Amino acid sequence: MGGLQKKKFERGSATNYITRNRARKKLMLSLPDFRRLCILKGIYPHEPKHKKKVNKGSTAPRTYYLLKDIRFLLHEPIVGKFREYKIFVRKLKKAYGKTEWSAVERLKENKPAYKLDHIIKERYPTFIDALRDIDDALCMCFLFSTFARTGKCHVQTIQLCRRLTVEWMNYVIASRSLRKVFLSIKGIYYQAEVMGQLITWLVPYQFSHDHPTDVDYRVMATFTELYTTLLGFVNFRVYHSLNLVYPPKLDSKAEPELKEANEDAYAMNSESYLEKLSALSASLARVVSSAEEEEAELDQFPVEGEDMEKMEAREKELKQQEAQKKIFQGLKFFLNREVPRESLAFVIRCFGGEVSWDKSVCIGSTYEVTEETITHHIVDRPSIDKQHINRYYIQPQWVYDCVNGKILLPVEDYFLGVTLPPHLSPFVEEKEGDYVPPEKLKILALQRGENPAHEQEDNNSDEEGEEGEDEEEEEEDDNEDEEEDDEEEAEEKNLKKLEEGRSQGKSLQVKVTPGKVKVENPERLEQEEKAEEKRLAIMMMKKKEKYLYDKIMFGKKRKIREANKLAAKRKAHDDAEKAKKKKAKK
Amino acid sequence: MAAARRLKRVVASQTGFLNLKATSDPEGLVSSSRKRVNKNKKKNWNKHSDINDVEEFLEDVRHQERTTGGLISEKSDDSLFFLDIGQPKKLEQKVEPVEGRKRKGKTQRPLRIDLILQRDSLVPPPKDVLAYQQPNAKKLRRIAQKAEQLAAKGVVPRRQKRLLDRRPIEQKAKKAVTEANNNPDRDFYNIWDQETKETADPWYLQQTGKKRVTRPVRLNEKPSVLPAVEVIAPGGSYNPDFFSHQALLQEAHEVEVKKQKQEDKIEKQLAVNKEDTATEETTLREQVEGLVEEEIEDDDEASDEDEEGAAVGAIALAEKKTEKQRKKEKAEKIKEQQRLASKLQTKQQQQLFQLRSIKATIRNEEHKTKSRQIKRKTQQEAQKAQPRRLGKLKFQAPDMEVQLSDELAGSLRQLKPEGSILKDRFKSLQKRNLIEPRERAKFKRRLKLKYVEKRAFKEIT
Numbered sequence: 001m002g003g004l005q006k007k008k009f010e011r012g013s014a015t016n017y018i019t020r021n022r023a024r025k026k027l028m029l030s031l032p033d034f035r036r037l038c039i040l041k042g043i044y045p046h047e048p049k050h051k052k053k054v055n056k057g058s059t060a061p062r063t064y065y066l067l068k069d070i071r072f073l074l075h076e077p078i079v080g081k082f083r084e085y086k087i088f089v090r091k092l093k094k095a096y097g098k099t100e101w102s103a104v105e106r107l108k109e110n111k112p113a114y115k116l117d118h119i120i121k122e123r124y125p126t127f128i129d130a131l132r133d134i135d136d137a138l139c140m141c142f143l144f145s146t147f148a149r150t151g152k153c154h155v156q157t158i159q160l161c162r163r164l165t166v167e168w169m170n171y172v173i174a175s176r177s178l179r180k181v182f183l184s185i186k187g188i189y190y191q192a193e194v195m196g197q198l199i200t201w202l203v204p205y206q207f208s209h210d211h212p213t214d215v216d217y218r219v220m221a222t223f224t225e226l227y228t229t230l231l232g233f234v235n236f237r238v239y240h241s242l243n244l245v246y247p248p249k250l251d252s253k254a255e256p257e258l259k260e261a262n263e264d265a266y267a268m269n270s271e272s273y274l275e276k277l278s279a280l281s282a283s284l285a286r287v288v289s290s291a292e293e294e295e296a297e298l299d300q301f302p303v304e305g306e307d308m309e310k311m312e313a314r315e316k317e318l319k320q321q322e323a324q325k326k327i328f329q330g331l332k333f334f335l336n337r338e339v340p341r342e343s344l345a346f347v348i349r350c351f352g353g354e355v356s357w358d359k360s361v362c363i364g365s366t367y368e369v370t371e372e373t374i375t376h377h378i379v380d381r382p383s384i385d386k387q388h389i390n391r392y393y394i395q396p397q398w399v400y401d402c403v404n405g406k407i408l409l410p411v412e413d414y415f416l417g418v419t420l421p422p423h424l425s426p427f428v429e430e431k432e433g434d435y436v437p438p439e440k441l442k443i444l445a446l447q448r449g450e451n452p453a454h455e456q457e458d459n460n461s462d463e464e465g466e467e468g469e470d471e472e473e474e475e476e477d478d479n480e481d482e483e484e485d486d487e488e489e490a491e492e493k494n495l496k497k498l499e500e501g502r503s504q505g506k507s508l509q510v511k512v513t514p515g516k517v518k519v520e521n522p523e524r525l526e527q528e529e530k531a532e533e534k535r536l537a538i539m540m541m542k543k544k545e546k547y548l549y550d551k552i553m554f555g556k557k558r559k560i561r562e563a564n565k566l567a568a569k570r571k572a573h574d575d576a577e578k579a580k581k582k583k584a585k586k
Numbered sequence: 001m002a003a004a005r006r007l008k009r010v011v012a013s014q015t016g017f018l019n020l021k022a023t024s025d026p027e028g029l030v031s032s033s034r035k036r037v038n039k040n041k042k043k044n045w046n047k048h049s050d051i052n053d054v055e056e057f058l059e060d061v062r063h064q065e066r067t068t069g070g071l072i073s074e075k076s077d078d079s080l081f082f083l084d085i086g087q088p089k090k091l092e093q094k095v096e097p098v099e100g101r102k103r104k105g106k107t108q109r110p111l112r113i114d115l116i117l118q119r120d121s122l123v124p125p126p127k128d129v130l131a132y133q134q135p136n137a138k139k140l141r142r143i144a145q146k147a148e149q150l151a152a153k154g155v156v157p158r159r160q161k162r163l164l165d166r167r168p169i170e171q172k173a174k175k176a177v178t179e180a181n182n183n184p185d186r187d188f189y190n191i192w193d194q195e196t197k198e199t200a201d202p203w204y205l206q207q208t209g210k211k212r213v214t215r216p217v218r219l220n221e222k223p224s225v226l227p228a229v230e231v232i233a234p235g236g237s238y239n240p241d242f243f244s245h246q247a248l249l250q251e252a253h254e255v256e257v258k259k260q261k262q263e264d265k266i267e268k269q270l271a272v273n274k275e276d277t278a279t280e281e282t283t284l285r286e287q288v289e290g291l292v293e294e295e296i297e298d299d300d301e302a303s304d305e306d307e308e309g310a311a312v313g314a315i316a317l318a319e320k321k322t323e324k325q326r327k328k329e330k331a332e333k334i335k336e337q338q339r340l341a342s343k344l345q346t347k348q349q350q351q352l353f354q355l356r357s358i359k360a361t362i363r364n365e366e367h368k369t370k371s372r373q374i375k376r377k378t379q380q381e382a383q384k385a386q387p388r389r390l391g392k393l394k395f396q397a398p399d400m401e402v403q404l405s406d407e408l409a410g411s412l413r414q415l416k417p418e419g420s421i422l423k424d425r426f427k428s429l430q431k432r433n434l435i436e437p438r439e440r441a442k443f444k445r446r447l448k449l450k451y452v453e454k455r456a457f458k459e460i461t
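Chains A and B are the protein sequences, given in the same order. Per UniProt numbering, the very first residue in the first sequence carries number 1; after that it's consecutive. Per UniProt numbering, the very first residue in the second sequence carries number 1; after that it's consecutive.
For reference, chain B alone in the conformation it holds in the complex:
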């Protein structure tokens, strides 16, 4: 307080001090009221001494420092005032500057707007204390210190240790990821050279999944005897020998004829039978059907009735046999048996004289069976090379690749390849029974399509 007062006095004594707020008049305020108070107590000093003027003054000083950057009284006149000379000089100035200098000046001198906006208060902006503060700073600092100490000793915290433990495993796992089979840079090794001998019991290894189940030998047999690559006939050369080409053409022709025959056969079967078509007679008969009574039918009916009567009679006849009848039948039966036995005996006796012819028949039969056996065997052999029926569809042999005489190219450059090798390979796989012949799956629409005419379109039509 004392200092303030002193300051006030100092300021008052200073002649040059300028008051920013002209309205405030210290004299008036002081004179308004005055109380009598003991001044021997510090409490009363605080309570009753009037410090408004000092405070106002200080406020003013601070205000000046804040807004103008220092006391105005201490500032030079140049910074506060300028000489107003008027407009006309500007024209001359505009003419004068050279381009280079102008640019240079521009870069050096800041814009006026920037100058105006420049902060010129002496008081720095207030700091945001919270921005610098850290919650739990002390605790954290202590933890960090401790960690540092431990690190210096070489002790790793548990969490970090766990992380460290996990890291190498992860790396291993990354490396062990199998690359795709069709990776063009994959490497190969000698697969047929590793002869690792198992020490453990093979059954144990197999059951625990450490060893694969051995492949049955039967599976390594090929399902067909056909070779993997069937070379085209010599007539299929790009520049064939005349006769082999003709032979190939002949073959292709035969295939084509066979196909045609089959088609014709189907067509024939589908054709309308001539007998089924209506003739004049049949139409007439149809028209008079039921109008003309036919006697023939009556006759038929009569005969039918007769037959029925006979049948009924037969059923009625089945009556119990008499004793006599039974005996007679039995005797007849025995007699018949005896007759047959004797006949057989004589026949066997006779056969003794037919030995030669019997032998001949036996030989004939044996010959027949043998030839049949051979035939069957050859058929079986031929079957081995045939495609089997492996599914719904039968194997359809692909069309033969043939170039007609006028299609043959004169040189390799002009050659136009025939057929597709992809298809050839595919059919070969089918032919060798490796895959079953299949039709391409048809696209099935799940939801029905609905056709709607657009309105714009409708208007036109």
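One chain only, chain A, in its complex shape:
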């Protein structure tokens, strides 16, 4: 047999992968530089399918990269900058060692630096790509902006992060795109809808940092470096989409209002503008000074039939959304000093409310405590000494719950010293048959426009919820029952009417009335028809399909059963709580 002998590990996956160290040597970079480069360029390690084939028969775990990726990295101009920087550091060290201060100065002046703009453009070829990946960037920037300015990372990075996050928040306010807020024990989750993309980010509570030791700060700083650049460009773009001036400027109307006598005492001149921006209390300047409220009417096209209905439905939905964006419109809030100012100001302003705070808390307060027109005063302490008559004193959770519920919730549950209803996560979406906590049911009912009488007893609403569920269960159990029920209900109604008539008229008037055509409720007929059809369809099912159908129905029922169980448990729990309370009162 002719030909050369095939050698092992010279073909196939062995040549597709490269170990980290070999890649590092190929690029002539140190490990930290290599790591930084990979993060910036978005090149991640790979786990080969067959480790033995790649690692010359050994299964020892190592870090692998794809060889093609590393070849791509070879073209990166930043690699050269990294090498330059290395040499710069070496020269600087030498100059320091020799105490040649002029040389040190000269070297420092010519410190090599690099830009990431081209990498951003390369990694995110379109704006939407960038917007999809902005979650991480926002989280990181918000996180870094809350760091203390100690030696953990560069002060400049912190400042840049702060600036970018303030810009972002101002944009969200201006575009009214906030959708959900969730106060968790970790931090505050926000969700906004920007250009059709749902963007979630996490903001830490203020002053909650202990620096963990098992986190690689260098890696995090590299990510932040990339993400600040990304967020900056995204900010620019979104600002321009709203015709806002970038870098943001305060509205010229609002600016003189914010001028204060003790401004100098609060911040340095160079910082006071950013501080004012970060106060979030004033609107931003626009490129084209527009009318106060520009409401773009949807273009209407003449359509017929079903499309028309759809259009109407959509229009209605849009209107509803618009209304939801303005739930705090016309309300004036005042924040007491113990509540988280930035978060509340951000949320309130996002939904059109006006907000202010004590002058000594932060720059940019717009009105005083004594202002007569304040409607809501947000307090987070058990009692307050001096209360004004014409405003509600409420706890901060009310604001967040309103935002999540998309309506103004009744304030009674949130008064001072009242035990708050639970703060539910807006990120949970219940499927049909899942257990829904009674508080959520209440909010849902409010959204539908019903008004559960919460003055009477809390239990009422719970029971209502249960009843609803029971009804649902019955529906799924048997559709025939439902019909009968309905008929019975109708009869009952008739009887009631008769009784009422009796009580009103006192004596029965016997009269022959002309026969009426029995009015048939078309909706009901339709329903009946549908139910009938369904039943027939079930009857006509093949054995196999029937089996599957039964299985599905069984699963659903089981879920409902579980939910019911939980609800019953909850009721028992509530009852126990109430009993305890009563006892305590006695």
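If you are wondering where the hints come from, they were derived from the structure by calculation, not from laboratory data. Computed from a prediction, not measured in an experiment: that's the story for all the values here. There may be inaccurate statements among the hints.
Unchecked claim - List time: in silico BS3-like cross-link candidates among lysine-lysine, alpha-carbon distance up to 30 Å: (1) A/Lys-53 <-> B/Lys-384; (2) A/Lys-152 <-> B/Lys-328; (3) B/Lys-274 <-> A/Lys-26; (4) A/Lys-121 <-> B/Lys-392.
What the hints assert, rightly or not - To spell it out: a stretch of chain B is covered by chain A in this simulated footprint if at least three of its residues, at any positions, have a beta carbon under 8 Å from a beta carbon of chain A; those stretches are: (5) 197-204; (6) 212-218.
Quick reminder that beta carbons are idealized off the backbone N, C-alpha and C, glycines included.
Here the structure of chain A is known, so what remains is to put chain B in place on it, guided by the hints.
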């Protein structure tokens, strides 16, 4: 000379002239020696006329001018003498002056010491000529003149021109210095709007480094399907619903139990096996080991020997087969083959009647493979969300953030945040396979530490 003599005569005629050096006597000097010389020659005038007296006189005049600032004879008596009245008047003077006047007088009148030290000679101090001279002054002056002329014409010298040429480039270079990435005042622009169309050949541009290599599309895929921000379970609310909180606690509990189980397992594996510990019997056996002869072992040895003998015999038996044997073996082999073939045939014939059961088995197998396929596919799907093994270390899921029922804060103000977001982000990056899990590099000491007791300390202990 004549002038000097005349001067001398003039001076001599002056009655009031005072000689500073009293010792020098002109008369004596003149009378000492006298030579007869022709005086009709100018040379002899110079050589033999005696001018000492004049010179001395002039010297004296100069001396007076140098030291006292003019001829003493011309000075007033007040400047030369004072009236010595004696001590006692000083007391009265001390009493007299008022404070204001005293101060004023002090400022006006210079100190006596200064007066003494004041230069009063008429002769100015000699000038240092070299200080005023410039080497090559003439040449330089000429060059300057020429340069002026050229400048007037508008011609710039070459060197200056070169400097001028260099200056703007330097400025440009200074401006072009890229600022650091984290400069808080950096400006941004619309990066997604520039659509510059290249006219040249893209391959040429790429090879000459004018255009970057295009990024493969494959790189824009994310290594994990997990979302960037995973929202905490509803039980993680600061004021959670009772049941969701319980559910979260349950989850955390399960994680904890799992951990505990693993720890227990390791502990169990590490525990000492009871069978390995020495009992009385085993210790006794160990003590009498080799002392008591055991017959059983002998038996064993005997049997071993038998086996060996048999094995040796087997090897010896392998001898050449006879022709007959070979033929017989071959016939047997053929017979066996025929038997097997016929068996196969009958089996196949029989299978015709087993068709149904065969079909059933096939169906069963197909069903099995399908279910396996589905299972594998679901596993693969699940794997996509799992962190991969990217390095030496496995991904360690972070501890769940949970607050126990009694830790829950009643209000937002009293809330104590749980966990660190920095760590959460870091772990999220690891979980999404963006970075490999790593341990913090341990500090390695290059040189060994050496502990020495100080002498002062030693004395005490």
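Against the structure, the hints come out as follows:
no., hint, verdict
1, A/Lys-53 <-> B/Lys-384, "holds (22 Å)"
2, A/Lys-152 <-> B/Lys-328, "violated (92 Å)"
3, B/Lys-274 <-> A/Lys-26, "violated (56 Å)"
4, A/Lys-121 <-> B/Lys-392, "violated (34 Å)"
5, 197-204, "violated (count 0)"
6, 212-218, "holds (count 4)"
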